[in-house]
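**Q** Position chain G relative to chain A; hints supplied.
First to last, the sequence lines map onto chains A and G. The numbering used here applies: residue 14 is where the first sequence begins, and numbers increase by one. The numbering used here applies: residue 21 is where the second sequence begins, and numbers increase by one.
Simulated from the structure, these hints should not be mistaken for lab results. Be a bit skeptical, because a hint or two may be false.
[Said to hold, decoys possible] Covered by chain A, according to a simulated footprint, are these stretches of chain G (three or more residues, beta-carbon under 8 Å): (1) 175-185; (2) 191-201; (3) 264-277; (4) 319-326; (5) 364-370; (6) 431-440.
Cβ coordinates follow ideal geometry from the N, Cα and C atoms, glycine included.
In case you want the letters, here they are:
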Amino acid sequence: MSAPVLDLDLVPPLGEPRPQPVPEVVTTTLPSGLGVVVVPRPGVPLVELRLRVPFAATSPRGALQHVARASVLSGAVLLGTAQRDAMGIAEALQGHGAELSVAADPDRLLLSTTLLAEGLTPVLGVLAEVLTSAAYAGDQVEAERDRVAERIAIARSQPGVIARNALAARRYGTHPYAAQLPAPDLVGKVTAAALRKLHRERLLPAGSTLVLVGDLDAAAATDAVAAALGDWTGEGTAAGAPPAPTLAPGHLEVVDRPGAVQSNIRLGGPAPARTDPDLPAVRLASMVFGGYFSSRLVENIRERRGYSYSPRSAVDHLAAASSFLVEADVATEVTGAAFLETWAELGRMALAPVTEAELDAARRYVLGSMALSTSTHAGLASTLSALAGSGLSADWLAEHQRALTTVTVDQVQEASRRYLAPAALTAVVVGDAEEVTDALRALGPVDVTASAAAAPDPA
Amino acid sequence: MTAATGADLTLRHPVERFSLDNGLRVVLAPDRSVPVVAVTVFYDVGMRNEPEGRTGFAHLFEHVMFQGSAHVPKMEHARLVQAAGGTFNGSTHQDFTNYYEALPSEALERALFLEADRMAAPAITEENLRNQIDVVKEEIRVNVLNRPYGAFPWLQLPQIAFESFANTHDGYGSFVDLESSTVEDATDFFSRYYAPGNAVLCIGGDLDVGETERLVRHWFGRVEAREVPPTPNTGEPSPTTVRRDVVEDRLAPAPAVALGWRVPDPVGDLDTYLGTVLLAELLSEGDASRLERRLVHDDRLAVAQSSYVGLFGDPFDVRDATLLTTQVHHPAAVGVDDVLGAVHDEIGRVATEGVSVEELARVQARTSAQLLRQADSVLGRTLAFAGAELVHGRAELAGELAARLAAVTPDAVQAAAKGLDPGTAAVLELRATGGAR
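Bound conformation, chain A alone (with noise of 0.2 Å):
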């Protein structure tokens, strides 16, 4: 057959837009600080759940004990309260729909579930109970840590975790932000007593919000918060990470995985926070360099060269430092190949602009994705409870979409130069040391460093 060309008479042109509906949001402050927001969403007879507290490490100095000790606590909190034992806990929510998972990262602890809408007070009874009188029985406490220490063996196996510990602790230096994942020996040695010290200290109401989106009335929810967790009080406000440094990007580091037959390219840079005008040109940027499929590093690196499955670009916020992030997964023959053309891309990014189609194309994408994301009541909830956590209500979403659709080629271009430029990333690849250093150095110094997985841990 010949090739293609595209009739742009044959495609069939857009409608009108219908308006997003605008989600009707209520917000309150409880007497203990807990803020509480409440979207009414008809639909399916669910609600969605999420219980943000802040819950960084707040020093360098503590960091890696704090990770250790938070991510043995997710899985201790549900083991047992005054009233009932983890069975209790379990079957007493599950008859609601409803299992809460418990997470840390490194900003914060999440408690979330989804759950029939039926079941809210009863489920924000167990809630509560957890929150005020988890029980932290020694010996249970030991199993879990265990269990979180096998985990942690498991994870650090696995290449994309390997590489994103490592791109942290380059970018980050002291911060606690560097500590990504808990190092197996301070693990080991959390004690039942430091959980109900960090539980009391940290697991605080003030500063911390409870989001609730589904099939419910806004007045009666934010009662029935108010009446399930009113007992749930301490002193001092959860706690936020201290503000985070931006270091100098160093040489390329190559993670040496020898026998991988394939090679983890990451980059990693600062980006605007989310209340940063620069952020909708940074965003737009990122999507027109490798943010989605019909992306220049797509297009390149996967649809020209087959070098890569997802190659993708994007942006990223934590409370104290926002990034504009690279990954690349690529066999171990074509990495030097590989890592030359991403830097390029990244360069003709900083260099040249972007079309006005690109940039339109990527405006729309963001707009609609954003439109999608938010269409349900998962990925509402969810995208509450984030902003909760850099201090923004439900309005920022309206800003953010006007914001970006005044962006110029201009503006994008001047972000490019200032947040893509390849020479202010910071640039891991995690492969075959052996294999992949000598095309490498031939595009600047490489530093080579032992696996994580196999090396002792920084302490």
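**A** Below, chain G without anything else, positioned relative to chain A:
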């Protein structure tokens, strides 16, 4: 505690259906609450249809379907969807291959144009095929070869659980088979399996039924009818013995084990199958489940465990034969036979003692919530309707599943547990032979 009753759980979305003269089956599931629409085409061809020497071809062909078509150059499919604010993808399963877009509703007709254009004539060229063979090899490296536990157990367990080539071969494909694939193979595959009569088109979300039917007839009506291959019989006689094997994983830091049992026919014996689906939930879903308590908390034999029906995790989008799989990651200090003994013991307790109404009601509440959650997304709902239409012949089943599961009795779950005979299990041990890297 009040478990929601069945009647509350039936999805309120009406389903409309019609067929075109070329055989294309069409399902419309309107819901105008958010201005988003989802479009999907399911083709009745998956990994189980692959012939010997062409392992991985269904998935490779899925990639080729994104390389352009009669009126759409390479990369333009993505650009036209994404520049309209939409997302797209496709996936290859055992029994079908699907393609989908989720978009702002004003872009509906554009998505129909794109799907119809590649249903009529995808751009199968040497250059595109070679490029996508490279991309698929990278996908396999990411997901299997460069990752600990990469093929475990979904590519490895079927080799001992089943007999026929259709059920035992690697659906990702060997590099040898992938590299030797030709344009002629791809053209033949398209001609045989991608006929409009072998597909279901499903559109969900913010749409007008009359207008959408007109658009579907306009764009898809012109695709020529072709002969439709018969659905192959992939069922197998049930095993009567234990089959055990060991795989070595030099990247894994700790061992694991997977057990697979044959389960009732998901299509021909759906009611019995539903008991098995709930049994898997009862065994493994959440902290209150039997195996989580026994293996992880009480006996401390395991770090993590899970059980599920269907190798891809969705019990309702698969035909016979399929498995209930129990997968356990355990510390090196724990012997695999201790793990197996505890699993069989817990299942044996359900088989002999049965399950209380209260425990089952909790499991049913949890299952309902998960099904409803999937249905809350326009895309999730549309994919579920399309899968039910293709596999079960009734899109409506997707909306009824929560209620059907809520009606399953303790006796049915007990009967399902009796089917998980220790004497007919396929057991795959994964040994961690390389240590941490």
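**Q** All hints are to be evaluated individually against the structure, with a verdict given for each.
**A** These are the hints, each one checked on the structure:
Figure legend: the segment 175-185 of chain G, annotated as covered by chain A; annotation inconsistent (0 residues with Cβ-Cβ distances under 8 Å, at least 3 required). With 0 residues having a beta carbon nearer than 8 Å to a beta carbon of chain A, the segment 191-201 of chain G misses the requirement of three or more and the stated coverage is violated. Restraint check on the segment 264-277 of chain G versus chain A: 5 residues with Cβ-Cβ distances below 8 Å, three needed, restraint holds. Counting residues of the segment 319-326 of chain G whose CB falls under 8 Å from any CB of chain A gives 3; the rule of at least 3 is met.
With 0 residues bearing a CB less than 8 Å from a CB of chain A, the segment 364-370 of chain G misses the requirement of three and the coverage assertion fails. Coverage of the segment 431-440 of chain G by chain A is violated. Counting CB-CB distances below 8 Å, 0 residues qualify, and the rule asks for three or more.
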